[in-house]
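*Asks:* Each chain is listed here by its residues.
Number of protein chains: 2
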Amino acid sequence: MAVTAQSEKSISRLRRVVIENVEPEVDGGRFPIKRTTGESVVVRADIYADGHGVLRAMVRYSPSLTGAWREIEMKLVENDRWEAQFEVSSVGTWRYTITAWLDSFRTWHRDFIKKAEAGQNVAVDILTGADLTRAAVERAIGADSQRLFELATELAHLPGDNQRAIERANHPDFVSLMDRYPDRRAATSYEKESAILVDRERARFSTWYEMFPRSCSTELNRHGTFRDCIARLPEIAAMGFDVLYFPPIHPIGRIERKGKNNTPNPTPDEPGSPWAIGSKEGGHKAIQPQLGTLADFKELQQQAATHGLEIALDLAFQCAPDHPYVNEHPEWFLRRPDGSVQYAENPPKQYQDIYPLNFESEDADGLREELRSVVYYWIKQGIRIFRVDNPHTKPFAFWEWLLGEVHRDYPETLFLAEAFTRPKVMYQLAKSGFTQSYTYFAWKNTKRELTEYFTELDQTPVREFFRPNLWPNTPDILNEYLQNGGRPAFIVRLILAATLGASYGIYGPAFELCENRPVRQGSEEYLDSEKYQIRSWQRDRPDSLKDLIARMNAIRRENLALQSDWSLRFHPVENEQLIAYSKTAKDASNIILTVVNLDPRYTQSGWTEILPEQFGLDMQGPFEVHDLLTDAKYTWRRGRNYVELNPWKMPAHIFRIRV
Amino acid sequence: MAVTAQSEKSISRLRRVVIENVEPEVDGGRFPIKRTTGESVVVRADIYADGHGVLRAMVRYSPSLTGAWREIEMKLVENDRWEAQFEVSSVGTWRYTITAWLDSFRTWHRDFIKKAEAGQNVAVDILTGADLTRAAVERAIGADSQRLFELATELAHLPGDNQRAIERANHPDFVSLMDRYPDRRAATSYEKESAILVDRERARFSTWYEMFPRSCSTELNRHGTFRDCIARLPEIAAMGFDVLYFPPIHPIGRIERKGKNNTPNPTPDEPGSPWAIGSKEGGHKAIQPQLGTLADFKELQQQAATHGLEIALDLAFQCAPDHPYVNEHPEWFLRRPDGSVQYAENPPKQYQDIYPLNFESEDADGLREELRSVVYYWIKQGIRIFRVDNPHTKPFAFWEWLLGEVHRDYPETLFLAEAFTRPKVMYQLAKSGFTQSYTYFAWKNTKRELTEYFTELDQTPVREFFRPNLWPNTPDILNEYLQNGGRPAFIVRLILAATLGASYGIYGPAFELCENRPVRQGSEEYLDSEKYQIRSWQRDRPDSLKDLIARMNAIRRENLALQSDWSLRFHPVENEQLIAYSKTAKDASNIILTVVNLDPRYTQSGWTEILPEQFGLDMQGPFEVHDLLTDAKYTWRRGRNYVELNPWKMPAHIFRIRV
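Line by line, the protein sequences give chains Z and P. Mapping of the first sequence onto our numbering: position 30 corresponds to residue 30, and the numbering continues sequentially without gaps. Mapping of the second sequence onto our numbering: position 53 corresponds to residue 53, and the numbering continues sequentially without gaps.
Misleading hints may appear alongside valid ones.
As the list claims (entries may be wrong) - Derived lysine-lysine pairs resembling PhoX-like cross-links, with alpha carbons at most 20 Å apart:
hint: 1; chain 1: P; residue 1: K192; chain 2: Z; residue 2: K192
hint: 2; chain 1: Z; residue 1: K285; chain 2: Z; residue 2: K380
hint: 3; chain 1: Z; residue 1: K349; chain 2: P; residue 2: K114
hint: 4; chain 1: P; residue 1: K115; chain 2: Z; residue 2: K349
hint: 5; chain 1: Z; residue 1: K424; chain 2: Z; residue 2: K444
hint: 6; chain 1: P; residue 1: K424; chain 2: Z; residue 2: K75
hint: 7; chain 1: P; residue 1: K349; chain 2: Z; residue 2: K114
hint: 8; chain 1: P; residue 1: K649; chain 2: P; residue 2: K546
hint: 9; chain 1: Z; residue 1: K424; chain 2: P; residue 2: K75
Hints are computed from structural coordinates only; laboratory data are not their basis.
Kindly generate the complete structure, drawing on both the sequences and the hints.
*Replies:* So this is what it looks like as structure tokens:
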């Protein structure tokens, strides 16, 4: 007993059926599970009762929080575990629960057949059956009611011939009609209803390109504009991306502005960091004038849409010292005893150019309404994807409220959580409503690390609420592997991200141009980082990875297996530098096996073990593996097959297995 | 969000700390965990918040359902997992929960030291510290308040010397006083309180002897009496038992009475089954006249107590057709369409001598009050242990209510659930309040079966609510191993039960006399079962196991390790017929290693691997193992040691490991 549930009243006297260990469920139903339209929810539960009666159980589900229930009957799997599944067909918040009851008709039917078959006198049992049928007449409607009345009458007048009685009891009409009108007055309803956050498909399958609009100018030293971005759309679309994400596009503060390579005291023409939001030109609802106007931005969105690209904006809820909020709403900021505003700190580091918002301020309500109005403002400008900067430095309850509001009003909106912090904090943010999450992928480079991490993300209940989005690089993260591994390292990380992650992204053009110089030895920051200065990229360099990226993203679009993470399975390879894993589309219609050489320096070879039954294939003979990167085809056999990968040619196979 | 928790209000705006994955907890706090007095509750939880503040967390606990909280501070273990423990010192229903908060003082202190050590100007930070201290002055009481006031004043006037400031901030007086008066206004309280059912020690450690009083007569063919039982007490006590359990002692029905070996139509002098309760002599509150009077029964209880024996009665909530309830409360029974009372069935089997009670009757309230009055009646006669017959055929909600009532009024009362049914049903009964439970032990005979089953019972969260009581035999179960294995098989099963189970029992004298004749081939029923007839046992047979049982039970009393199940650990032996396992008392003060030859026919030998560090011993050299059954002593070494066991001499070692 929970103490609070201990009163006599709370123990229902009629409760005979137990429903427990319900799956899927996040924290006992405290948070929603997540799906995209067209996916299924497989519901499982332990269901049992005292005694020996026959149980029936239904999953009840609804495509809204208040609508009527639909029902699907559960089946017993084994050891009191029951199962049923349904598909979620529309975006929004669905819900589900379970109801179960001891079925008096089914119990009678089972016992009656046993007794009749054992040759016992079943005269009284026939009367019991007739009583049950007459009770069902009352519950049935229309012709069913009439038919049940006839069946009850026939049953009551059956002569004592067990064989005929068995035939009558087993009549399919009788059984199916009785099943349709059960006596559910004493049904047990599971005490919880779990919510299902159903997103559009892009929540599950998305390909992101991050770019600084201000670096899009075609002329050296000119600040890029939204119009420059329009000129770049065909190239980005050709690479096969579907989300184009911009760092903040708002006015950048001048007070305490940072210069090149994060140095203090910049020259007046240095642009500052886009994450230092707000100046006299405006705050989170304004656009940095050098980028263009709101009309330009809308034009860019429309042009992007014609290329199949959706613009994602950055939500960075923090302020530069000259953000209008600082004067207009001093109550939203924490003050130090000397009257100054508290700037961001991670002692001994100090970030004087950033003022955090105080979510515990006296006017916490006013603050959160304002922040909601920021999101709604951009939604009204057509934005439906947000990348959220550092959500782990704002209260979880704030996100649960804000994302709940948006999901209610604009359920097609997606949020990517940029939190690189402790695992439980990242999971809590995902539970609080974020659609996708950045991951530790950038720091998982060995076979063991990758296998353990993606098994946790894709093969445990974590997957019910946490959707990984894999980034080999970001403006903040140039990992050691990329710094030291040269062009093959970029290819390896690209292929890993694009095949391990149904959602992945790159920060370009730094990525496709294999930019790998850190600001200093031991740092993951870029040298001459675009965070603090405009860069002019030579996009047509012959060693650009853009063609490979285009090929990779085409493979993703053409192969359903790569568009979801749940089927991920690792396969043994007898070489620690080689990693092999597969993804399989439903009913094995599409099977992709990826083998990657994690060593960017040397050719590696080894034997991988592939058993077709792991893909649900019943097959003993040879099968074709078709490398979608090189178009090479091989004949493989059940069991061990040889692979050899030269990182300077192509460090990976992406095999489609053809039956 | 659970759908019901989705309203805006329910998302506390100040909630910054998350408390989740709390252990121990049964079904998310729905049911109590179980302990006995003197045991500890180790509470663990994931606790974290947004941002980078320093957390503090307390386990709050109370020895009653309504009393004030005591608190103990939790410590961070790793990866946001926190822990604390407390001891439960009294019988009754305790409760516990967790509270945690972002500690403004500790956060300030950590950041202040970092900044001061980095040589930064901390003048404003000193003022912040002084403000925090002044706020604590308000919360503190008496001299603490005065001392904090002085410390705040000193702090506010510190000159800008970082070294002195660090010394002041780290002053133990300052830190401990500030810790004592934290600002907990924004603390997060875990939303659940879990109950702890704290029983007396016998709930954890008990040694049961089951006996039919009517077979205790010293004269052939005379019905035994309570007075005869008194004469047997010294012998039972000498074997070392502490619970003496009787099958039902109530009047036995005459209608449909069963004869010898469960045959119909007995002769008038056959006694019938004690589980067919009720006749014109009375029902569940009456005593079968041939056994004696209530006064005799009380005398027996008193005599038993002087021998350290506690009498346990059987609660079998069912009726013979001539039970007074059938006439006085026809509404408590289900009727068939022909007007007859529904007897017990397991189609095609029929039990015409047993009428089940209908817990869904119109007068369900009246029925359950009457059944409670039965329990309270016997409690008032001094009984505090009940073995409950077939609880799985009555609603779980009934048990939860009944046992909850008794635990509230007589918390020292123990209930043993006799349910041999599906595992989840047995677990649900244990959750509903049963103190101990029968197990599948009787059907776990191989090393693999025993290892898997007792690992599940003793090393998983099941142990929080399910206390196994191991029976090698019962009047219903004479397993194949005992039927075929002869005397060595009885010894093997005795030693397994007594060392694997802190609670175990035997049904005697059938057990100590190695009674092994089934009623027919393939049946687990005894031939000439005492369930249907009086038996006269030759208790002084020289091959009786009573001396070995006495030795075994003495070993249990003398070795703390055997009095609890939680420390059970299996050790490898390179022979499938040999099983080795240990139990260790707290702080390794007592270590018992048991090695059993499961083959009742042949000598078996093999190497067992023992690593002293598994018992918490830091030891590389040899150690002594002392066989408590034979008094032999051996010198063993870390790692592999040889064992050889002849079932016809002694099929087991019970080693005390001496350091």
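*Asks:* Compare the distance between the alpha carbons of K424/P and K75/Z with 20 Å, and conclude whether the hinted pair is satisfied.
*Replies:* This hinted pair holds, its Cα atoms lying about 17 Å apart.
*Asks:* Can you confirm whether the C-alpha distance between K424/Z and K444/Z stays at or below 20 Å?
*Replies:* It holds: about 18 Å lies between the C-alpha atoms, which stays within 20 Å.
*Asks:* Can you confirm whether the C-alpha distance between K285/Z and K380/Z stays at or below 20 Å?
*Replies:* With a Cα-Cα distance of about 11 Å, the restraint between K285/Z and K380/Z holds, given a limit of 20 Å.
*Asks:* Are the Cα atoms of K649/P and K546/P separated by 20 Å or less?
*Replies:* 16 Å, holds
*Asks:* With a cut-off of 20 Å on the C-alpha distance, tell me whether K115/P and K349/Z pass.
*Replies:* 9 Å, holds
*Asks:* Check whether the Cα positions of K349/Z and K114/P lie no farther apart than 20 Å.
*Replies:* Given that 20 Å is the threshold and the Cα spacing comes to 10 Å, the pair holds.
*Asks:* Between K192/P and K192/Z, is the straight-line Cα distance small enough, at 20 Å or below?
*Replies:* Holds: K192/P and K192/Z sit about 15 Å apart, inside 20 Å.
*Asks:* K424/Z and K75/P: Cα distance at most 20 Å?
*Replies:* 17 Å, holds
*Asks:* When you check the alpha-carbon spacing of K349/P and K114/Z, does it fall within 20 Å?
*Replies:* Holds, because 10 Å separates the two Cα atoms, which is no more than 20 Å.
Of the numbered hints listed earlier, not one is contradicted by the structure.
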